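Chains A and B, in that order, give the protein sequences.
Per the numbering used here: the first sequence ends with 335, consecutive numbering throughout.
Per the numbering used here: the second sequence ends with 1335, consecutive numbering throughout.
The hints are simulated quantities; they were obtained by calculation from the structure and are not laboratory data.
There could be a bad hint or two in this list.
Claimed, not checked - Simulated crosslink set (DSBU-like; lysine-lysine; CA at most 35 Å straight-line): (1) B:Lys1241 to A:Lys126; (2) B:Lys1247 to A:Lys126; (3) A:Lys10 to B:Lys1172.
Said to hold, decoys possible - Computed footprint of chain B on chain A, listed as stretches where at least three residues anywhere in the stretch have a Cβ under 8 Å from a Cβ of chain B: (4) 89 to 97; (5) 245 to 251; (6) 304 to 310.
Just so you know, these numbers come straight off a predicted model, no measurement behind them.
Note that the Cβ used here is the ideal one computed from N, Cα and C, for glycine as well.
Take a look at the letters that make up each chain.
Protein chains: 2
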Amino acid sequence: MSLTMFFKNKPAIIATSTICGPKESQGNLAKYIETKLLDDTFGEKTYEKAECKMLSFVIEKAVENAKLNLNEIDCLISGDLLNQIISSSFSARKLDVPYLGVYNACSTMSESLLLSAVMVDGGYVKNVACATGSHFSTAERQYRYPLELGSVRPPQAQWTVTGAGCSIVSSKGGLLPRITTATVGKVTDFGVTDANNMGAAMAPAAFRTLVNHFEDTNRNPDYYDLILTGDLGALGSRLLKKLCDDKGINIDKNHVDCGEMIYNIDEKEYQGGSGAGCSAVVFNSYVYKRLLKRKFNKVLFIATGALLSTLSTQQGETIPSIAHAVSIENGVKDD
Amino acid sequence: MSLTMFFKNKPAIIATSTICGPKESQGNLAKYIETKLLDDTFGEKTYEKAECKMLSFVIEKAVENAKLNLNEIDCLISGDLLNQIISSSFSARKLDVPYLGVYNACSTMSESLLLSAVMVDGGYVKNVACATGSHFSTAERQYRYPLELGSVRPPQAQWTVTGAGCSIVSSKGGLLPRITTATVGKVTDFGVTDANNMGAAMAPAAFRTLVNHFEDTNRNPDYYDLILTGDLGALGSRLLKKLCDDKGINIDKNHVDCGEMIYNIDEKEYQGGSGAGCSAVVFNSYVYKRLLKRKFNKVLFIATGALLSTLSTQQGETIPSIAHAVSIENGVKDD
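Same shape as in the complex, but just chain A (with noise of 0.2 Å):
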């Protein structure tokens, strides 16, 4: 059985925010960031505490733009991909509202806005911060190398974003974004083991979860001006089309990857941007102010992650993963 809920009450992102390390600040998104840092540890005397900046920084950035105060903010919910997602617990820690932690690895800024339309929709609360966000020199350390042992990358590999993005989902929003329905992922294993191809593990758990979403919403992929997914990366992407291919279900027309768009792929990122950031910073910056220009209207967003740990990777597991969709849609009326 799959699980796709429905929002009668259509709960809006009234605001969004983005903030980006220096490396995505110069990628194809750049104008589209709002905070661009010269500088990837932000002042802080270690990375993580960087990454813990950004994610308070821009959930702030975000109520702000949304022109309400912290204490209007009924509830944060937020997970990263620091172990015990600290980055999220130390923000909340700052931010002090109520706060929900959670993990889905790199699907966090999906899973997290699903939630928030469930709490929004049903009535509980009036507004929500959804957030989450990655550091590369964070993810490095913590799931591949040191940083100073200058390992070589391989050619299927993504790079980690350096970047946080939020989003404020609220009761109120009149024409603006309103998620509509959501599509929860099952986590789903190829049995890919190797941890730097992450785009291999996780495009299979994005195939299932579009075509759970297609069969439970009576819709097909020409319902959405955008199929986004993130972050497969280039190789992940190509992955995807061809299941897509192999089912009869065609995605040429309308689909890109978050991986694939946030840097010029040249020089080091093989395949494209990974991490919870990627598509939080792709998503929130990017895709949200289309949404606005109404150069979009209709957008399944799904992020997608890759449960692993290095303990499991060391144990000789496989790479599980998940995805969870998300479709954002223009009102059509001020409802």
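Take the given structure of chain A and dock chain B to it, following the hints.
Then chain B, alone, in the frame of chain A:
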């Protein structure tokens, strides 16, 4: 601002299951625990695989106890203490149900109950499995020292419970115990830096949620037959009582702590049990069975979590904590 949600349809906890390691199975609550292991590896090659197997086992058992099939479970909400919550994610892979990963350390049981209540109460789903667990040996080596070192534990320490618990939350439930309200915690940090003294770190978070809950609901401690915190342990419970006394709140009559209950505190457990499995086991065994027998009719369950990581401690951070409260009350009629 605090956040207390009121559930109009009062989702029911229609079944639970618990599993424990050999040590816990000889503790105070032995006769209430459903599955007692004689071997804390559960036949697996690593403790991590054992922890994961306990978690998926207890979910399947709870589903069976609810007289449901796995394909009738709309969603699994689960988290655990291992980096990247791999026990939960790998369980979700095995069970193949829609999955939302959550993490608020040892408050994960009440966090998942409150999220399931929102989803069920709002009419989005019918049946949700909420589960968490922990394992002494995985926690020791991840958070503290390799077991082989035989480190001496300080007297303020608690003992991580080897065990897991699962609740099935449902839209149907007649006279069964129901979730009526939930108060989402705020991260609270009194500056404790001793990672061996989690009770002291978490007591202020429990206190704050307690105060918010009573204010938001216009209730006082007398409303409840039982105020169940966990896992503060003996020292943390004394601190909570002191904080309550200072505020003129008397919880002497009806407060117990999961950490204080689970062991016959004698040997090396010092302040009692801890770990996400502690409150999951105590709530889903003893407390749930007493609710069924109407020995308790109104329970306030406040699982508490310390939001540290080894890295945050190494970087000189204090220990932020959180506590989520869920009220569970017996139905008075078959509504």
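Consistency of the hints with the structure:
{"no.": "1", "hint": "B:Lys1241 to A:Lys126", "in the structure": "holds, 34 Å"}
{"no.": "2", "hint": "B:Lys1247 to A:Lys126", "in the structure": "holds, 30 Å"}
{"no.": "3", "hint": "A:Lys10 to B:Lys1172", "in the structure": "holds, 26 Å"}
{"no.": "4", "hint": "89 to 97", "in the structure": "holds (count 6)"}
{"no.": "5", "hint": "245 to 251", "in the structure": "violated (count 0)"}
{"no.": "6", "hint": "304 to 310", "in the structure": "holds (count 4)"}
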